[in-house]
Structure formats: structure tokens, C-alpha cells
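Colleague: Work out the full structure, taking the sequences as your base and the hints as a guide.
The listed protein sequences derive, respectively, from chains A and B.
Under this note's numbering, the first residue of the first sequence is numbered 1, with each subsequent residue one higher.
Under this note's numbering, the first residue of the second sequence is numbered 1, with each subsequent residue one higher.
Derived by calculation from the structure, the hints in this document are not laboratory data.
Mixed in with the good hints, there may be bad ones.
[Claimed, not checked] Pulled a few chain B residues facing chain A out of the computed Cβ check, cut under 7 Å:
id	residue
1	8
2	12
3	14
4	46
5	49
6	105
[Unchecked claim] Computed Cβ-Cβ distance ranges for the label pairs, DEER-style:
id	chain 1	residue 1	chain 2	residue 2	range
7	B	51	A	40	28 to 38 Å
8	A	62	B	56	42 to 52 Å
9	B	3	A	28	29 to 39 Å
10	A	95	B	59	41 to 51 Å
11	A	12	B	22	37 to 47 Å
12	A	17	B	69	29 to 39 Å
13	A	53	B	31	18 to 28 Å
14	A	53	B	40	28 to 38 Å
15	B	82	A	54	24 to 34 Å
16	A	39	B	83	39 to 49 Å
17	B	9	A	9	19 to 29 Å
Where is the CB? At the ideal position from N, CA and C, for every residue including glycine.
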Amino acid sequence: KAGVTQTPRYLIKTRGQQVTLSCSPISGHRSVSWYQQTPGQGLQFLFEYFSETQRNKGNFPGRFSGRQFSNSRSEMNVSTLELGDSALYLCASSRGTGGYTFGSGTRLTVV
Amino acid sequence: ILNVEQSPQSLHVQEGDSTNFTCSFPSSNFYALHWYRWETAKSPEALFVMTLNGDEKKKGRISATLNTKEGYSYLYIKGSQPEDSATYLCAFPMNYGGATNKLIFGTGTLLAVQP
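Modeller: Right, dumping it as C-alpha cells:
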């Protein structure tokens, strides 16, 4: 079965720009969550969506936002990019219980 | 602030060695404990979801145990192989009224197995 698909795989943006990342979950998985990994930091929770509703949000500034569509696909957006936003962004889907299935991630570089 | 800690931070072993690492988590309000394996350039892969105190799960040469009362889990790899080289992450799901939608990850144990 198809896994979690994230696009694009790599992205280079300039400070001040905005970026949108996409995540298509496993069919039947209604929960999509996003995580950020920066060098020296573990995976940090950004937010989680279930049935188009944000259920939880991590400790990130308002420049980080997301949404989920009726087909469970999710997007996250980062506005006014800063150098510190350079990171690997992972999305994960689940049925709500049990383990999560992760995508391969989007590597964002802000220059 | 909820802390999930893993030790050691990194481990270098020879092929054939057995090894183990630790994950410590809050013992109160326990719901489950996840283990993931993350190989370089790949996605984190779920290994185990553990829910019961005293639980022991096994997948090939990898096994894990759980002690919810004292707040720790051990991951064991028997007869390590080079393909076991990866970062091993544990994660503690936050429980919100029965729905878990936020994983608190440890910083991982990086395992390198030398042939």
C-alpha cells in the first residue's frame, strides 16, 4: 500500500519568503501530524489535524500554520521565513491509536 | 515540561555484539510508549507500540520491555548486524481524553555497527 507522501523533498527559500509543504497520508488515516527536526534537536511537534480540525499545536510561533482537506491531505505553511526555520519537516499519519507512519520529509533550507 | 530521555546518545558496536538502550519517560498519566528506527535518508519506521506494564515485544532480533511504574523501557538488539545501524527513537504519546495526537520524542540513540 502507498505510504505517506511528502512533497517537495527538498526546498531552498530566501529569508522573508513563505513556503507550503504538502503531506498525503495513508489511505484511511484521518490524523496527520507535523514535526520539525533541526540539528541538535529531537523531533519537535508542530501540530496535528484530524478530520480537518487542528486538535493540538506545539510551541511554535504563529508564522507556522497548517490545514487539512476533506481527503485528509494536509499542508503546512511557514510565512516570513527565518534562517532558523531550516530543518527537516516530517509528517506522520495514523488511525488515532497505535504507531505512526512517517513520510520521508521535506528538507527546507533558508538562505 | 515533559521529558523523554534516551541513553546512551550513541553506541558503536562490532557485528555480532548484543546491545541495549534505555528510554525514560514520566510514569504518571501513562498511555503508551513507541519505539521507532530511523535509518539515514529514510523515514522513521515504527518498531513497537507498548501499552502494558511488564510488556515484552519482539521483532526478529529486536525486543523491547516496558516498566510503566518506574518509567523506563529497554530496547535490545541481539547479534547486531550492519543493517541495524540507525537512530533508535522512543516517543511518549500525550493522551487527551483518549485521543493521542502528539508524540514527545527522545533525542535518540545512534547505533553504528561495524562489520
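Colleague: Compare the structure with each hint and give your call.
Modeller: Hint check:
Checking residue 8 of chain B against chain A by beta carbon gives a least distance of about 15 Å; that is not within 7 Å, so the hint is violated. Hint status for residue 12 of chain B: violated, given a least beta-carbon distance of 20 Å to chain A, over 7 Å. Annotation: residue 14 of chain B was flagged as interfacial toward chain A, and the flag is violated, the nearest CB pair being 28 Å apart, outside 7 Å. With its C-beta approaching chain A no nearer than about 3 Å, residue 46 of chain B sits inside the 7 Å limit, and its interface hint holds.
Annotation: interface hint on residue 49 of chain B holds; nearest CB of chain A at approximately 5 Å, less than 7 Å. Checking residue 105 of chain B against chain A: minimum C-beta separation of about 4 Å stays under 7 Å; hint holds. At about 31 Å, the CB distance of residue 51 of chain B to residue 40 of chain A agrees with the hint of 28 to 38 Å. Separation of residue 62 of chain A from residue 56 of chain B is about 44 Å and conforms to the stated range, judged on CB atoms against 42 to 52 Å.
For the hinted restraint 29 to 39 Å between residue 3 of chain B and residue 28 of chain A, the CB-CB distance of approximately 33 Å keeps it satisfied. Between residue 95 of chain A and residue 59 of chain B, the C-beta spacing of about 20 Å breaks the proposed range 41 to 51 Å. Checked against the given bound of 37 to 47 Å, the beta carbons of residue 12 of chain A and residue 22 of chain B, roughly 38 Å apart, stay inside it. Separated by about 50 Å at the C-beta atoms, residue 17 of chain A and residue 69 of chain B break the suggested range of 29 to 39 Å.
A hinted range of 18 to 28 Å holds for the C-beta pair residue 53 of chain A and residue 31 of chain B, which are about 21 Å apart. Checked against the hint of 28 to 38 Å, the pair residue 53 of chain A and residue 40 of chain B passes, with Cβ atoms roughly 35 Å apart. Between residue 82 of chain B and residue 54 of chain A the beta carbons are some 42 Å apart, a value that contradicts the proposed interval 24 to 34 Å. A hinted range of 39 to 49 Å for the beta carbons of residue 39 of chain A and residue 83 of chain B is inconsistent with their spacing of about 25 Å.
Look at residue 9 of chain B against residue 9 of chain A: about 28 Å separates their beta carbons, and that is inside 19 to 29 Å.
The structure fails to meet hints 1, 2, 3, 10, 12, 15, 16 from the earlier list, while all remaining hints are met.
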